[in-house]
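Protein chains in written order, with my numbering: chain Z, 1 to 115; chain S, 1001 to 1112.
Calculated directly from the structure, the hints in this document are not laboratory data.
Nothing here was measured: the structure is a model prediction, and the numbers come from that model.
Be aware that one or more of the hints could be misleading.
Output of the computed footprint for chain Z on chain S, the stretches with three or more beta carbons under 8 Å from beta carbons of chain Z [as the list claims (entries may be wrong)]: (1) 1036 to 1044; (2) 1100 to 1111.
The calculated label-pair distances, taken between Cβ atoms and stated as ranges, are [to be verified]: (3) S/K1069 - Z/M15: 23 to 31 Å; (4) S/E1053 - Z/R30: 21 to 29 Å; (5) S/Q1014 - Z/E52: 46 to 54 Å; (6) Z/K18 - S/T1020: 29 to 37 Å; (7) Z/G28 - S/N1030: 21 to 29 Å; (8) Z/E3 - S/G1059: 15 to 23 Å.
The beta-carbon is built from N, C-alpha and C at its ideal position, and this holds for glycine as well.
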Amino acid sequence: DTEVTQTPKHLVMGMTNKKSLKCEQHMGHRAMYWYKQKAKKPPELMFVYSYEKLSINESVPSRFSPECPNSSLLNLHLHALQPEDSALYLCASSQHSRISTDTQYFGPGTRLTVL
Amino acid sequence: SQQGEEDPQALSIQEGENATMNCSYKTSINNLQWYRQNSGRGLVHLILIRSNEREKHSGRLRVTLDTSKKSSSLLITASRAADTASYFCATDAPQGAQKLVFGQGTRLTINP
């Protein structure tokens, strides 16, 4: 199984809501990533988890809170978002977090709209 | 900070023609990867080329890497409508940070 799944596919939320994005992989990968992608732009890294520990936080605002409950699951908790946070949120995984050798496998993304 | 720049930003060709996309980067790299993204979907890894490699093939894809010019090209031969997508190059970030940095991408349209 070489699939990364993400739920929900679409999410619309108000600025006062709390919601969560979920990502799951069963490839035995030990690194998982959250990316944010605006329209017609490349993905931008937000967080990296390596062996279930947060290894990179790209100075993401605290209204985004990642969580890695186990090696297969990655969550992104959202609270008090702004309309400019509307974007496609992509989850990815790789065998390890060695950028020099590892391929990243991406999920289909969650399209988030903040009203 | 941005590592990769892609050229052209958009490319439209007829089915059956070859498509060439270029990527330039600024600092030394360990490898360079190419990804494809269909509209509004996740990215799919196409090919990885290491800094000591000059050319790599995978099916209808041919990737070249010129480290002296800090550039790479992706050639898709005998294009098909299903090749319509955005193509991104990605490199490891400067200063050894363990993350990928993506170029701006080329939007490829294959016309039937």
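21 to 29 Å as the expected CB spacing between S/N1030 and Z/G28, which holds or is violated: Between Z/G28 and S/N1030, where Cβ atoms are some 24 Å apart, the hint holds.
Supplied distance hint 46 to 54 Å, evaluated on CB atoms of S/Q1014 and Z/E52: Check passed, 49 Å falls within 46 to 54 Å.
Chain Z over the region 1036 to 1044 of chain S, status - at least 3 residues with CB closer than 8 Å: Since 5 is at least three, the answer is holds.
Coverage of the region 1100 to 1111 of chain S by chain Z (three or more Cβ within 8 Å): holds (count 7)
Beta-carbon spacing of Z/K18 to S/T1020 - inside the hinted bounds 29 to 37 Å or not: violated (47 Å)
Cβ distance range 15 to 23 Å for Z/E3 and S/G1059, holds or violated: holds (21 Å)
S/E1053 paired with Z/R30, Cβ distance criterion 21 to 29 Å: holds (26 Å)
S/K1069 versus Z/M15 beta-carbon gap, inside 23 to 31 Å or not: Violated, at about 47 Å.
Figure legend: structure checked against the earlier numbered hints; hints not met, in rising order: 3, 6.
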